[in-house]
Amino acid sequence: MEYFIELLFSGLTRGSIYALIALGYTMVYGIIGLINFAHGEMYMIGAFTALIVSTVLSIYGLPLPAILILTALAAAVWAGAYGFTVERLAYRPLRNSPRLTPLISAIGMSIFLQNYVLLAQTSDFLPFPALIPEFAFLEPYAAIVGATDLAILVVSALVMIALTLGIKCTRLGKAMRATAQDRTMALLLGINVDRIISLTFVVGSALAAIGGLLIASHIGQINCFIGFIAGIKAFTAAVLGGIGSIPGAVLGSFVLGLTEAFATGYVASDYEDVFAFSLLVLILIFRPAGLLGKATVEKV
Amino acid sequence: MKSGMILAVLVGLLLATAGITTAAGAIKIGVAGAHSGDLASYGLPSLKAAQLVVKDVNAKGGVNGTPLELLVEDDVCKPEIATNTATKLVSAGVKAVIGHICSGATKAALPIYRDAKVLVISPSATTPGLTQSGEYPNFYRTIAADNTQARTLVDFSLGSLKVKKIAVLHDKGDYGKGLAEYAKTFIEQAGQAEVVLFEGITPGAVDYSAVIQKIKRSGAEAVLFGGYHPEASKIVGQMRQKRLTTLFVSDDGVKDDTFIKVAGKDAEGVYATGPADVSNNPITKEYRDKFKKAEGTDPGAFFDNAVAATLALTNAMVKAGSAEPEAVAKALRGNEVATPFGNIKFDAKGEPVGIGFTIYQVRNGQFVQVH
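These protein sequence lines map, in sequence, to chains A and B. For what it's worth, the numbering used here labels the leading residue of the first sequence as 89, then goes sequentially. For what it's worth, the numbering used here labels the leading residue of the second sequence as 149, then goes sequentially.
For reference, chain A alone in the conformation it holds in the complex:
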């Protein structure tokens, strides 16, 4: 039973890690129907920004909570700026081309950003400081859930709730939903569609950057290629949950994380990917739109 709980928590940690990245994927897909393969790179850039900013701040001897908050802000703003720029350069000029074109452009952007960071920073692995302090009240449970695990869990839950509410209740959210439903109609009704799409990218990238910060302090190291694998896994999670749906991305992430943890725990970690992807195939056979995705009728 104790073993089960330990595995449950490691599955939840993995799941919430995936969720932090999958949310951005699903948001962008929900609005413009583009699979933004450069999203994993936003996560990586966020982590690098966090490393640089936190190193500089710790030289000035700020207290840890202040460093954490400032670093998170800086990473979110910086990655948001990247998201904005990437959308402007790589996707907006292709707004009216066939769907495959921006997809290829996204893959190109992903490769470009990886190599850009490789050249501008380093190809080496870098140590990432533990920005999340150890909590004294967690010490008795340290073997099951650590400070970073808890932080990741809480943040991903908060982000999901905030996003769901934001999209449901705010003016911006309404505009986003309108853009998602019918771009031309939204334009006719006076919604600045380009601005909405830009904002979606900024928010999605900022979320990925926060994810980058949390995950990097969880595993303690970063490298310019971390965005790729994390991005692929998060994308899988988003598809599993129903791409375009925000609760779906979170659910999909947890299903994926738990499957991997239990496959490792009760079978062998050699097969964790086999289990994860078999599950994906199975779910897509029976629910082609994903767990919470709405099956849409193609308008002719």
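Derived from the structure by calculation, the hints contain no laboratory data. Where is the CB? At the ideal position from N, CA and C, for every residue including glycine. Treat the hints with caution; some may be incorrect.
[Unchecked claim] Derived coverage of chain B by chain A (criterion: at least 3 residues anywhere in the stretch with Cβ under 8 Å from a Cβ of chain A; other residues may be distant): (1) 344-351; (2) 356-365; (3) 377-389.
[As the list claims (entries may be wrong)] To give a feel for the contact side, a few chain B residues facing chain A, derived at Cβ under 10 Å: (4) Leu317; (5) Lys320; (6) Leu392; (7) Thr406; (8) Phe407; (9) Lys409; (10) Val410; (11) Ala411; (12) Gly412; (13) Asp414.
Mind docking chain B on chain A? Use the hints.
Below, chain B without anything else, positioned relative to chain A:
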């Protein structure tokens, strides 16, 4: 014009034969390896090493007054070319060959040398089967075989750490998995400890806590990891996060300063294998300096190993008083020879005794030799 071309070809042929025809009486030794192409950087330092050592031996009067002569052949590290190289050297009448460089090329060439009773001594071919299969009694090497590292790790874990339960992990790659499989076999053969877990982990994953819970549950006293430092530092870091104090023992893919830099305080106490540091050995210094003087750069890969191979071979010839393969083989096994790695000799299978791996431990942010 046409006759000019024929003449050029004829001259070329003449020169080519001239390369192989040699002064009567000299003992011919082949040097085979990649001297051009992608892997030339592995082969050229060995060629240079052989030339430097042979020059010294000849200056001292060769083998019983007979000078040594090197015949150099390029195999580009390709098995299909290596067979030609071998045939060429054998028909030129070499008594021994220093090479080949790559394991695949060596394996392809060995049957030809075996049938011609030519001794082969490689500075760099590490595939275990070359010696351990027993198929090539004429083969020797001056580098530790791939599984030597696993052997060192297992001997250290069982002998010095005295652990009874070991979890063997690997990164599913050729290097890590191969090492882990050897380690598992060696532990089981020794019978003093139990492999309680054998798992491949996914490199690049964002979290390893499930595997770590599994290690905890298995009750392992030590984790033996085959793979590279990025995964090793993640696993060690997360083990310590989960308050698991299990010993961590790994390979030379982890014995890298980046590991200590990235894992930080969690790296403390981790054991890793690596080649022994030989830079203070006088013979190592002597030949490295000679190379530097001749080429102006530091010697590259396998240079020390090739110096050792050539020294061992020439020393055995001198000791045996002849270049006949049987006598030389006996001398190779029976006599120790001073090399860049210290004194070495060869066991019955042709593995070097005295060249191998040693254990390091991270202490105060540095790898310190402990074994």
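Problem - Structure versus earlier hints - violations, ascending order - result: none
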